[in-house]
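For reference, the chains in residue letters:
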Amino acid sequence: MTAVNAMLVIIVLSLLAYALLAGADFGGGFWDLVAGWSGKKERDPEGQRGLIAASLGPVWEANHVWLIFVIVSVFSAFPTAFGTIATSLELPLGLALVGIVLRGAAYVYRAYGDGAALPDRWWGRIFAGASVLTPFMFGVSGAALATGSLGPHSMPTEPFRSAFALTAGVLAVAVTAFLAAVYLCHNAAQSPAIAHLVPVFRRKAMVAAVASGAAALAMLPSLYRDAPIVAARFTDRSIPFAAVSAAFGVASLLVLWRERYVVARITAALAVATVLGGWAAAQYPDLLVSGGAVDAYSAVQSAAAPQSVNAMLIAMCLGMAVVLPSFYLLLKIFSRPAVDEH
Amino acid sequence: MSGLVVARVETALSLSFHIMFAVFGVGLPWLLLYAERRWLKTGDPAWQALTRKWARVMAVLFAIGAVSGTVLSFEFGLLWPTFMSTYGGAIGLLFTLEAFAFFTEAIFMGLYLYGWKRLSRRAHWLVLWPIAVSGTLSTLFVVMANAWMNHPVGLGVSHGKITADPWAVFSSSTSWTEVTHMFVAALMCTGGAVAAVYAIGMLRGRRDEYHRKGLNLGMAAILALAPIQLLIGDFAARDVATTQPAKLAAMEGHYYTSGHVPLTVGGFYDSQTHQLVGGVPIPDGLSLLLDFKPGAVVPGLDQTPANQQPMTAVVHLAFDTMVGLGTAILLIAAWGAWRWWRGRRRGIVPRIAHTRRWLWAAAFCGPAAMLAMLAGWEVTEGGRQPWIVYQHMLVADAATKSTGLGWALLATVLIYLGLAVALILILRRLASGAPPELAEAGPEIGPEIGPDVEPTPALEVTR
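Chains as they are written, first to last, in this note's numbering: chain A, 15 to 356; chain B, 13 to 475.
There could be a bad hint or two in this list.
Facing chain B, according to a computed beta carbon distance under 8 Å, are these residues of chain A, among others [said to hold, decoys possible]: (1) Leu111; (2) Pro170; (3) Leu268; (4) Ser312.
List of simulated lysine to any residue pairs, SDA-like, C-alpha gap at most 25 Å [said to hold, decoys possible]: (5) A/Lys54 with A/Trp136; (6) B/Lys65 with A/Ala67; (7) B/Lys129 with A/Leu343; (8) A/Lys346 with B/Arg64; (9) A/Lys346 with B/Thr94; (10) B/Lys53 with B/Pro362; (11) B/Lys129 with A/Tyr126; (12) B/Lys65 with A/Ser69; (13) B/Lys413 with B/Gln321; (14) B/Lys129 with A/Ser349; (15) B/Lys65 with A/Ala125; (16) B/Lys65 with B/Pro142; (17) B/Lys225 with B/Ala67; (18) A/Lys346 with A/Ser205; (19) A/Lys54 with A/Arg217; (20) A/Lys346 with B/Leu131; (21) B/Lys65 with A/Gly129; (22) A/Lys346 with B/Ala135; (23) A/Lys346 with B/Arg134; (24) A/Lys55 with A/Val221; (25) B/Lys129 with A/Leu345; (26) B/Lys413 with B/Ser14; (27) B/Lys129 with A/Phe348.
Just so you know, the hints here were simulated from the structure itself, not pulled from any lab data. Glycine included, C-beta positions come from ideal geometry on N, C-alpha and C.
Pulled out of the complex, with its shape left as it was, chain B reads as follows (with noise of 0.2 Å):
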C-alpha cells in the first residue's frame, strides 16, 4: 500500500470507530434526561433501574469516545501535516470551541457518573443538562469543520500566507444542513440502539417492566425523529446540489449533464459506461426533487475532470444504503403511527402492543440507524474525494511523506479490534437485564399478546 492509502485507511478506521461511540456520548444524556426525570417524578424502581443502568454504559462509551476523539485529534497532524499547516488557522476556531465543549461534557460527566452519593437527586439530574448541551455543541462544531472541509469558505490571501474568517463558517449553510443531519443522526442510532437490546431481551422472554420501558423509549427516540431526519436530508441534498455538485452528481450516479433526469433507486454504478445497472428510475424525479420542475438540467459528472471525480460506484451505494435504510426506518414509524393512532381509538392500552413483528421491528432499527449513519459519512467524505478540501487541496498533497505507517495501520488495527471486542463483550454482561427484583415479567397491561396477534379492544379503559 502507498502511503497514502494507508494514511487514508487508517483516518477512516479511526474516524468509524470514534463515531460510533461518539453518537452514544450525544444521544444517551438526552434520553437519560427523560429517564431520571421520570424516576424523580414517579420513583417508579423501573426507571430507576434504566438510569442507573444507562449511566454504566454511558461511562463505558464516553471514555472510548474520548480517547478515540484523542487519536483522531493527533491524526490530523501525524497524517496530514500539510493539510494542517496551511488550514489549520481556518478550521482551529471551530476545533478550540469543540475542546471546550468536552471539557465541559467531560467535567459534569464526572460529577454525573461519580456524584450519586455527593449530589442531592434534583442537582444529579441537573448535571445532565450541561452535559447534553455540550455534547450537542461538541457535534456541532466538529460536523461544521468537517462542512468547511466539503464547502470552504471565508478563504483569502494576505502576504503569501492563506487567511480565513473564522467566523464566515457559522453563516454558510452548508454548515447548518451537515450539522443538524448528523444531530439527528446521533438520536436516532441511540435511541435505535437502545430500542435494539431492549427488543433482543423481549424476544428471549425478558419481558418485564424494565424492558417495556426501554424499548418505548428508545423506539420514540428513534421513529419520532425519523420523518424530520428526511426533511433535512432534503435540504441537505439541495445544499450539495448547489455547493458540491460532483458530490451530487455521484450520489445519483448522474454523468450526463441533461434535464428531465430520473431519480434512479438503488442500482450500481458502471464506471465504464457511466450508467446505472439495475435500478428503478424514477421519471424527472431528480429534476422535480431540487428544482421543482421536470425539466431542470442537473449537472452530470461530465463536467468535472476526469481525475477530480469521486468514485461514483462507492458513493452512490453508500447514499442508497442510507437512503434505502431511513426509509425502512421511516416505514416502520408510519406503521408505528397507524398502530398508535388505532390504539387510541380503541381506547387499547398499551397503545402500541410488543407483539413479535414489532420487537423484530425495533431490532432492526438498532443496527439499521448505525449503518445509515457511517454510509452517510462515506457519501460525504467519498464524495468530496479527490479533495480534502473542496476545490483547494488535494488529498495526495495534504498526506504525510513517511514511510513507516503501514506498521501504525497495523498496531491501530489490532488495538481497536481489541479494544472493540472487549467492549462488546462488556456491553453484553451490562445488558443482562433488568435487577432482579424488577425481573419477574409483570403482566402487560392488556390482553395476553400472543405471536403476532394484535390485540382486540376487549379491555377498554376509561378516561
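Next up, chain A with everything else stripped away, as it sits in the complex (with noise of 0.2 Å):
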C-alpha cells in the first residue's frame, strides 16, 4: 500500500471512530431533545436526561477529539484538497461548529454552572438543539463532496441544493440516534434504579433503526441523480457493503427484541461502519468530486509532499501507540462500578 493510501485508511478508520463514538454523544443529544415529547410520566424524562448526561461526562471529550484528528490528517496530507473542501463547505461546517461549541459549552455550563448563568433547563435545550444540528451538517457535508457540484467559486449554498445531500444528513442524525439509544440499552441496565428506562431506551432504538434504515433506503435514488460518478462505483463496489449493513440492521432489530444489548451494540456499530465504508469505497480515490477537470482533488493529485507524509504515519504510529491504551483505559474504568468515594 502507498503512503498515500494508507493515510486515506487512517482518515476513514478516525471517522468511523468519530462517528461510533462520539455520533451516539449526539445522539444522547437527540434523545435530551425528544425526552417527554410523549406526555407519559412513566417514561421519566428527567430520568432519561441525567442517564444521558451521565454517560457523556467522562468521554465526550476525548470521543470529540477524532474529529480534531480528520481535520488535521486531512489539512496535513491533502491540503490542496482541504483548501477547496473548506471554501466550498464553509456554510455546513461553518454550522456545524457552531453546534459543536455551543454542545461543548452548554454541557458543561448545565453540569458545573449551578444555574448561575442560564437555568439548567436552558442549557440542556441548547445542548441538546446543537446535537442535532451537527450530525445534520456533517452528514450534509459528507454528500455534498459526492456531488461534483462543489468547486473554490460554487455558492456557499451549494451543499445543500441536493435532495441526496439532506437526506444525507437526516441519516447521520437518525444514525446517531439509532447508537446512542443502543449504548443507552446497556447503560440503563447496569443499575436497578434506572432499569426501568431500559425499555424505553429500547424502544427508541429500534424506531431510530427503521427510521435510519429507511433514510438509506431513501437516498439511493437521489444518490444515482445527485451524484452519478460516485453512484458509479456505488454499483461496482459498494453493494457487498450495503448488503452486509442492511443485514447488521435488520441482526440489531432481532437482538434488541430479543433485549441481547451488547450484542446489539455490535451489531449496530457495524451496521453503521458498512454504511461510512460503503461511502468511503464509492469516493475513492477522490477527496472531493470535482465539478471541473476530473480528479482534481483525487488523493494523488493533492497529497502533500512524500516526506511530509511519510512524517505524518510515523507520528501517527508513535501517536497511537500511547492514545489506544489509554482510550482502552477510560472505556474499561468506566465500564466497571465505582468504588467507595475517598
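Each chain sits in its own coordinate frame; assemble them with the hints.
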C-alpha cells in the first residue's frame, strides 16, 4: 500500500471512530431533546436526561478529539483538497462548528454552572438542539463531497441544493440517535435504580433503526440522480457493503427484541461502519469529486510532499501507541462499577 | 470591511478567546499536582477543598478550551485556504502531534474529573501527570507551528510542489525560545489568576486557611517564574533580532539603521516622523542588549520596504505593555523575596504576612499576567505582518475570497460574547469561598495583621 492510501485508511478509520463514539454522544443529545414529548410520565424524561448526561460525562471530550484528528490529517496529508473542501463547504461546516461549540459549552455549563448563568433547563435545550444540528451538517457535508457540484467558486448554499445531501443529513441524525439508544440500553441495565429506562431506550433504538434504514433507502434514488460519478462506483464496489449493513441493521432489531444489549452494540456499530465503508469505497480515490477537471482533488493529486506524508505516518504510529491503550483504559474504568468515594 | 479584514479580525478574536482558556488547561494540572499531593500527604481539608474546587474549574475551562480550539482547526481551512493548501504539509506534522497530545489530555481528563469514585487516591493523583505533560506538549507543538510561520525552516521546491522538512522545526532556535516563553507565560497566567481570586476573597474578609493556601500557591508559581521569564524573553528578543529584524525594529519603534541605538521605555510611535514620542531613552541600551557593545549597529525598519512593514505603533505599544507588566510582576517578586528573607531572619511565621498591600499586589498579578500574555501574542503576530509565513506568503494572498464572512464574524462575536458572559457568571459562582466547615477564619499564625502594618517579630518560632 502506498503512503497516500495508508493515510486515507487512517482518515476513514478515524472518521469511523468519530461516528461510532462521538456520534452516539450527539445522539444522546437528540434523545435529550425529544425526552418527554410523548407526555407519558412513566417514561421518566428527567431520568432519561440524567442517564444521558452521566453516560457522556467522562468520554465526550476524548470522543470529540477524533474529529480534530480527521481535520488535521486531511489538511496535513491532502492540503490542496482541504483548501477547496473548506471553502466550498463553509456554510455547513460553519454551522456544524456552531453546534460543536454550543453543545460542549452547554454541557459543562449545565454540569458545573449550578444555574449561575442560565437555568440548567435552558442549557439542556441548547445542548440538545446543538447535538442535532452538528450531525445533520456533517451528513450534508459528507454527501456534498460526492455530488460533483462543489468547487473553489461554488455558492455557499450549493451543498444544500441536492436532495441527496439533505437526506444524508437526516440519515446522520437518525444513525446517531440509533447508536445512542442502543448504547444507553446497556447503560440503563447496569443499575437497578434506572432499570425502568431499559424498555424506553429499547423502543427508541428500534424506532431509530427503522428510521435509519428508511433514510438510507431514500438516499439511493437521489444518489444516482445527484452524484452520478460516485453512484457508478457505488454500483461497482459498494453493493456488498450495503448488503452487509442492511443485514446488521435487521440483526440489530432482532437482538434488541431479544434484549441482548451487548450484542446489539456490536451489530449496531457494524451496521454503521459498513455504511461509512460503502461511502468511502465509492468516493475513492477522490476526496472531493470536482465539477471541473476530473480527479483534480483525488488523493494522489492533492497529497502533500512524500516526506510530509511519511513523517505523518511515523507520528501516527507513535501517537496511536500512546492513545489507544489510554483510550481503552478510559472505557474500561468507566464500564466497571464505582467504588466508595474517598 | 473587506474580506481580508474580516478574516483577520475573526482569527484574532478566536485565538484570543481560545488562549485565555487554554492557558488554564496547561497551568492548572501542574498546580493540582502540588495541591492534591499535599492533600494526600497531610490529609489537610483545606488542600482537599482546593483540589476539588480547581478540578471543577478545570473541567469548565478545559471544555471551553477544547471547543474553541476546534473552531481554530476549522478556521485554518475556512479563512486561510491558500495558506493551508500551500503549507499544510509543512506544519501538518506538528498539528498531528498536537492532536495526539490533546487526545491524551482529554482521555486522562475524563478519568480525573469523573474518576473520584473509581480510582484509588494515589491513582487519581497519578492521572494528573499525563494531563500535565500532554497539556505542556500541546503548547509545545502548537507554538512551534506558530514559530515556523515566524521563521519558516526546511522549505524547498521539487516538481513544482512546495516541500518541507517537517522535522526541521524541532531544531530551530525560534521554536524553543517561543515555546518556553509561552509555556512559562501559561503557568504565570494560571498562578496569577489563582492568586488574584483568593486575594480578592481575602480582601473581602474571607481570611481562612483555604484562601491563604490558595493565595500562597498561586503567588509562588507566578513570582518564582517571573525572573525566569525575563531571561527567556531576553533570549527570544535576541532570536527575533537575527531571524526577524523587522519585527524587532517594530517592537522597539526603531526606524533608522544606526549604531549606539537607545532603548526607549514607553512612548508612542509616530508613523509620519518615524520617531518615538514621549518615551524615556536609555542611551545605547538596545545595542548593548542585543550585542553587548554600545556601538553595535541595529537594523531599523528602513531596511524593509514600506509595504512590508508591520504596524509599528501597535507592535511597539503591545511590546511595552508586555514588558511593563512583566517588570511590575518582577518587582512584586523582588518585594516578596525581600519580605520572605526578612521574615525568615526574624523567625516570623508566616514568612510573608497577608497585609492588604500584599493582597492588592496579588490581585494585580492575575489580570497583569493575562494582559501581558495577550500583548505578547500581538507582538508576535502583529510584528510578522504583512506576512502569514515570514517572507514566503502574504496574509492578503492566504485569505479566503468568500464574501459571506461578515455573517460568520457576527455570529462568532455573539456566540463567544454569550459564552464568555455565562462563563464569568459560572466562575463567580464557583469562587464562592471555602466549604462552610472551613470558612470560619482561623487565627493566622502570628500576630494580628492590621492594614498595611508589617508584623513585629514578637512571636519567635523555635526551629
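Structure-based check of all given hints:
Interface hint status for leucine 111 of chain A: upheld, as the beta-carbon distance to the closest one in chain B is roughly 5 Å, under 8 Å. Checking proline 170 of chain A against chain B by beta carbon gives a least distance of about 5 Å; that is within 8 Å, so the hint holds. Restraint check, leucine 268 of chain A versus chain B: the minimum CB separation of about 33 Å is more than 8 Å; hint violated. For serine 312 of chain A, the interface hint is violated, the least distance from its beta-carbon to any beta-carbon of chain B being 15 Å, above 8 Å.
Only pairs whose Cα atoms come within 25 Å are accepted, and lysine 54 of chain A paired with tryptophan 136 of chain A is accepted, the gap being roughly 22 Å. Proximity of lysine 65 of chain B to alanine 67 of chain A is assessed by CA-CA distance (about 21 Å); at most 25 Å being required, the pair is judged to hold. A C-alpha spacing of about 15 Å is found between lysine 129 of chain B and leucine 343 of chain A, which places the hinted pair at or below 25 Å, so the restraint holds. This hinted pair checks out: lysine 346 of chain A and arginine 64 of chain B have alpha carbons roughly 24 Å apart, not beyond 25 Å.
Proximity of lysine 346 of chain A to threonine 94 of chain B is assessed by CA-CA distance (about 43 Å); at most 25 Å being required, the pair is judged violated. For the hint linking lysine 53 of chain B to proline 362 of chain B, the alpha-carbon distance of about 21 Å falls within 25 Å, and the restraint holds. Between the alpha carbons of lysine 129 of chain B and tyrosine 126 of chain A the distance comes to roughly 18 Å, so the proposed pair stays at or under 25 Å and holds. This hinted pair checks out: lysine 65 of chain B and serine 69 of chain A have alpha carbons roughly 23 Å apart, not beyond 25 Å.
Note on lysine 413 of chain B and glutamine 321 of chain B: the hinted pairing holds, with a Cα-Cα distance of about 24 Å set against a maximum of 25 Å. Proposed proximity of lysine 129 of chain B and serine 349 of chain A is supported: the alpha carbons are some 13 Å apart, at most 25 Å. Taking the CA atoms of lysine 65 of chain B and alanine 125 of chain A, the gap is near 14 Å; set against the 25 Å cutoff, the hint holds. Restraint check for lysine 65 of chain B and proline 142 of chain B: satisfied, since their Cα atoms lie roughly 20 Å apart, inside the 25 Å limit.
For the hint pairing lysine 225 of chain B with alanine 67 of chain B, the CA-to-CA distance comes to about 16 Å; that is within 25 Å, so the pair holds. Distance restraint check for lysine 346 of chain A and serine 205 of chain A: the Cα-Cα separation of roughly 17 Å lies within the 25 Å cut-off, and the hinted pair is therefore satisfied. Proposed proximity of lysine 54 of chain A and arginine 217 of chain A is supported: the alpha carbons are some 14 Å apart, at most 25 Å. With a C-alpha separation of about 12 Å, the suggested pair lysine 346 of chain A and leucine 131 of chain B falls inside the 25 Å cut-off, and the hint holds.
Proposed proximity of lysine 65 of chain B and glycine 129 of chain A is supported: the alpha carbons are some 17 Å apart, at most 25 Å. As the CA atoms of lysine 346 of chain A and alanine 135 of chain B are separated by approximately 15 Å, the hinted pair is consistent with the 25 Å bound. The suggested pairing of lysine 346 of chain A with arginine 134 of chain B holds, with an alpha-carbon distance near 18 Å, which does not exceed 25 Å. In summary, the hint linking lysine 55 of chain A to valine 221 of chain A is supported, as the alpha carbons are separated by about 20 Å, within the 25 Å threshold.
Distance check on the hinted pair: lysine 129 of chain B and leucine 345 of chain A sit about 15 Å apart at the alpha-carbon level, within 25 Å; holds. Proximity of lysine 413 of chain B to serine 14 of chain B is assessed by CA-CA distance (about 10 Å); at most 25 Å being required, the pair is judged to hold. For the given pair, lysine 129 of chain B sits about 10 Å from phenylalanine 348 of chain A by alpha-carbon distance, which is consistent with the 25 Å threshold.
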